[in-house]
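Make a model of the complete structure from these sequences and hints.
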Amino acid sequence: MEEQTVEKWKTAPAVLTVEHLTKVFEGKMKAVDDVSFTIREGEILGLLGPNGAGKSTTIKMLTTVLKPTSGRAEIGGYDILKHPTEVRRIVGVVPQEYTADEDMTGHGNIVLCADLYGISRSVSEPRARELLKLVELEASGDRKVSTYSGGMRRRLELACGLINRPRLLFLDEPTLGLDVQTRAAVWEYIKRLKNEYGMTLLMTTHYLEEAGALCDTIAIIDRGKIVKIGAPEELKESLGGDIIEIAVKEADADVEGIVAKVPLVKSVKKMEGYYRIKAEFGEEATPAVIEALRAKGFHVTRISLTKPSMDEVYLEYTGRTLRDAQADSEEVRKQRFTMMRARR
Amino acid sequence: MGSGQSTMHVEEADKLNKSVMHGLWALTWREIRKAYQTPILVFMTVIQPVIWLGLFGKAFNLGSVFSSGSFNIPGLNIPKQVLDQLSSQMLQSTFGTSDYFSFLAVGMLTFVLVFTCMFSGMSIVWDRRFGFLEKVLGTPVSRGAIVMGKVLSSVVKSFIQAAIVLVIAVLLGMSVADFSIAGILGTFAALFLLALGLSSLFVMLALRSTDWQQQMAIMNLLNLPLLFASNALFPTKLMPTWLQDVAKVNPISYGVDVGRQLLLGSPGFSSLAFDFAYLLGFAVLFSAVGIVLSWKLLSK
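The listed protein sequences correspond, in order, to chains A and B.
Under our numbering, think of the first position of the first sequence as 1, with each following residue one higher.
Under our numbering, think of the first position of the second sequence as 1, with each following residue one higher.
Since the hints were made in silico from the structure, they are not lab data.
It is possible that part of the hints are untrue.
[Stated by the list, open to error] Listed below are the simulated DSS-like cross-link pairs for lysine-lysine, each with C-alpha atoms no more than 25 Å apart in a straight line:
hint, chain 1, residue 1, chain 2, residue 2
1, A, LYS67, B, LYS18
2, B, LYS237, A, LYS82
3, B, LYS296, A, LYS30
4, A, LYS82, B, LYS80
Owing to the predicted nature of the structure, the values given are computational and were not obtained by experimental measurement.
Encoded structure:
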């Protein structure tokens, strides 16, 4: 029963269509490079990538805060360049930063948001209460935001983003800087939005497990390009099997040549100080690999077998782990700022 | 909360206000309420003009320089009446009033105006830094309303400050020659135009800035010269001619001039009609440029 509602989006009409969207900042490399994708009604799409990959820039263009250099996008039938005001009216945005006014109450902040959408007070007052209840802030709604914890602020931002009943909600790094417990709570709200309200979401994250747990579709974005897009399961399957990593004592060994001939092994790749082997039925392939190397007189010093995870998917398509990725200083500064405030 | 997905979508029953001006009042009110909801800030806004008037106004006691007790010529024994007459004449011809404190008090009205407008301009830098600006930019509120919200709240705040200064100045002994409703309304009309133009200018300067320290430096570079190169603290006719020329284009001079003519009955440095025309032009020009720039600069 639930399965049915969850998968309903696959046949639903598209809410967002992005075609060849590109943003070049003056004198810099392409921040977003020829990106195309669609989101259907009720779908959660996750943009997964390291800092500086172009996730936030993509969101800023789609929410009409930034102008794209080229390409186009349509939300709910409205072109983001030709009808920006209509687009703003039907989307909700929960930015990475804490944007609430600290000197105002939680309730006051939501009503202020409503005013900016032109929603009359007779509608927005009760709706603000309703949203505070949804994010479990009804008891603190009349307190100043400056007394809120990081998790409470994040929930308030979520409520603000929902005030206009958006057809598409943008979540930029929804759990940045939150502790494990609060992160789990935010995930719960996002799942409820999808399952109970059929909300359509575009979220960015650089947490692999977050993308895997929440998204129907994941677009891996790296250096401004979408390098792979698909359902989490598809992405894992696309890796073509399990991953065996081995290190060999002898530096001059022709490991690639030997291992490639082992049955079940599909590919071997030399990494820094170790080899990355893709194989079907890793449990059977692993002893065969060791055996083949030993037969040629080489010694395996370390070995590991991994079933495909989002980590592996990420490494496969971007050539590096998420931790390695470098970001530009402005974005790092902003994130530090957000994280600092999240910890209060 | 109602169930079913229809409740999460835009409903016609939202009674959406789609006018260009929507959200302007909400943004303006936010700023005003922020400024006056903290007791310490309210206290500061009242106490600041008191200190300025008390210190500046009483320390620059030019009146006593010329008073009978302070000078005489040995051996000549000039009668006290003559000296008093002389000093009063000198003050009158220099400042347009026999009381320097009153002269300065009107200048002080513009002094607080400039500083209040300046800090309002700064607040857009904070809004950018804290992400509030970005959130507002993502809503259908008009870009012009974002800037005008800042400008209007700053006008209201500087109005309140100026009113406080005037009351305190009268309490401290400002001699108002013409204390009519029309005189006060006229003065505040001039101050309104001046504040509108100045706030637009300061908000414009801050539109693209993300660095408040840099912004502070720019503001500080502007505000004191703006005040000294006007008739706010000293009459322009005693200035060197090049400075007089600067003071003649400085809108602050015209705001002060209206106040001195209407409240103190001083002879003006230009006609009232020209004062108002100049201030109106300044206000209209700068707020228009501010709105146009906001469209260009707020969307990159």
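Hints and how they fare:
1. A/LYS67 to B/LYS18: Answer holds: A/LYS67 to B/LYS18 is near 23 Å, not above 25 Å.
2. B/LYS237 to A/LYS82: Not satisfied, since the Cα-Cα distance of roughly 56 Å exceeds 25 Å.
3. B/LYS296 to A/LYS30: 22 Å, holds
4. A/LYS82 to B/LYS80: 80 Å, violated
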